[in-house]
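Asks: Residues per chain are reported as follows:
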Amino acid sequence: MITDVVIVPGAPLLLPEYQGRISAAPGLIESCITVVREAVASAHHVVVVHATDRDARSTKPAVGLRVADHLLAATHENFDVEHVAVAWDATLEECVDLGRGLEPQGATTLLVVADGSARRTEKAPGHLDPRATDIDDVIVDAVRTAGESGLERLLDLDPELCADLLVAGRAPLQVLAAAVGSAGDVASADTAALATTSADAGVRAAAGGRTAYRVESCEVSDPFGVLYVVAHLVAT
Amino acid sequence: MSELTFRLGSREFDARSRLVMAIVNRTPDSFYDKGATWREDAAMDRVREVVAQGADIVDIGGIKAAPGVEIGADEEKARVVDFVAAVRAEHPDLLISVDTWRASVGRAVLEVGADILNDAWGGADPELVVVAAEFDAAVVCTHTGGVTPRTRPHRIEYDDVVESVGQSLVAQADRAVSVGVARERIIIDPAHDFGKNSWHSLEVTRRLGDLVALDWPLLVSLSNKDFVGEALDLPVGERLTGTLAATAISAWHGAHIYRVHEVVETRQVLDMVSVISGDLPPARTARGLA
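Quick mapping for you: the protein sequence lines, in order, are chains A and B. Be aware that the first sequence starts at 1, since it is given in our numbering, and climbs by one per residue. Be aware that the second sequence starts at 1, since it is given in our numbering, and climbs by one per residue.
Take the hints with a grain of salt, since some may be wrong.
To be verified - Residues of chain B clear of chain A, computed beta-carbon distances all greater than 10 Å: (1) Glu134; (2) Arg183; (3) Glu203.
Unchecked claim - Covered stretches of chain A (chain B as the covering partner; in silico rule of three or more C-beta atoms under 8 Å from a C-beta of chain B): (4) 5-15; (5) 49-57.
It should be emphasised that the hints constitute simulated quantities derived from the structure, not laboratory data. We treat Cβ as the ideally placed atom computed from N, Cα and C, and that holds for glycine.
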């Protein structure tokens, strides 16, 4: 089962090849390494969920994958790693399928590389969009209320709006929501509706088998106008 | 990348090092500051200021380079020895250089804690390097074309100034080694404007890579000099931009030590060159990476 969920930003500035003499985001990399280390200490099998790069112009692996591998390497633990790439613009049903299809092996850490909007301030990479804070609030609230099935609210995120608002983590977060949600009656869901209505009963069919998670830690910051969430959720 | 390493005081540096040597004059008449740090307390304030600005080395001098009133060894000692001792007491880890050609002055300042003898007149006193060897001090060998200390060059010509500079500097460095100065404590300085007209100094700057290739740590003293002024037709006081351009070119060629009046500006130029060349990571990067 997925015993631990870790959420970290997919910012390139976390990568060693982009380190200056002074950290651009003091404490951020340390926080990420701390939560990963805590999670893998108890759950050695790791499934990394990252999005493909939206604007890939090189042959390098996706930034999210590289960030995850860097954090995992920094913990110096023994663990198996499985990488799950989700297209940055995957539909909700694609995300749900991916999440439901994950097969945890024993105690598993789900390491989700995901950011909120990059349009939170005038100096943000995508400049200011006033809608950014609302959508980021949905993400943060969902994580903070993981203990009360809050993660399911991630399925409410609208792919098109998220794309507009440069929410790079939308697809991985929806994979997460599906992975830790119930094994309920998704097959009967009207998948066409899933992408457009948050109230869809199929996705929300959460009968019985859902694992409950408590929030071990959740740090939120946006030093560059991009929402960063560093969180560790533990199955109860 | 060269394997070059050099030592100043107890510190070790490599080919990527770009160090700032701040000029501190204990003179009433130097060309640039015109005696601003003649008084001991003013000179000590200047040391504090350049240390705070990031200077790696201070170069203390008691006699201006240009012709002027003759200053004997006793007067030179009176100007610098106690001052060096005071700087050493206040700044235990600061690298202290003294600009002197006299062995007797060199001995006196090394006894009170100086690390480097800056022999700005190209071995005019052959005993200076012997004193440096005795104290395991560093020494700066300079090219002056063999002129008498405190004289201006007049109608000097070279077949190939860079070759002459290189031969002179290697000969002086070899002699310093032969009298016992540690190889990694020997610095060479082509000495812009010393024994040179502006054409010579410009060619030395243009071809500085030939001197870097000699594989000794290389010092350049460019700050506000006449070759900058003549290049731009600007008087003393308006030569900072030109000095910094020459500094950047010298840094790109690989010079290691920069003897300067303006520490803050020089430090920024050197750091910028180091960052561009890849010898130093940028300070802090987030652009496009958040």
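Asks: If a hint holds in the structure, say so; if it does not, say that too.
Replies: Each hint tested on the structure:
no. : hint   : verdict
1   : Glu134 : holds (39 Å)
2   : Arg183 : holds (31 Å)
3   : Glu203 : holds (36 Å)
4   : 5-15   : holds (count 3)
5   : 49-57  : violated (count 0)
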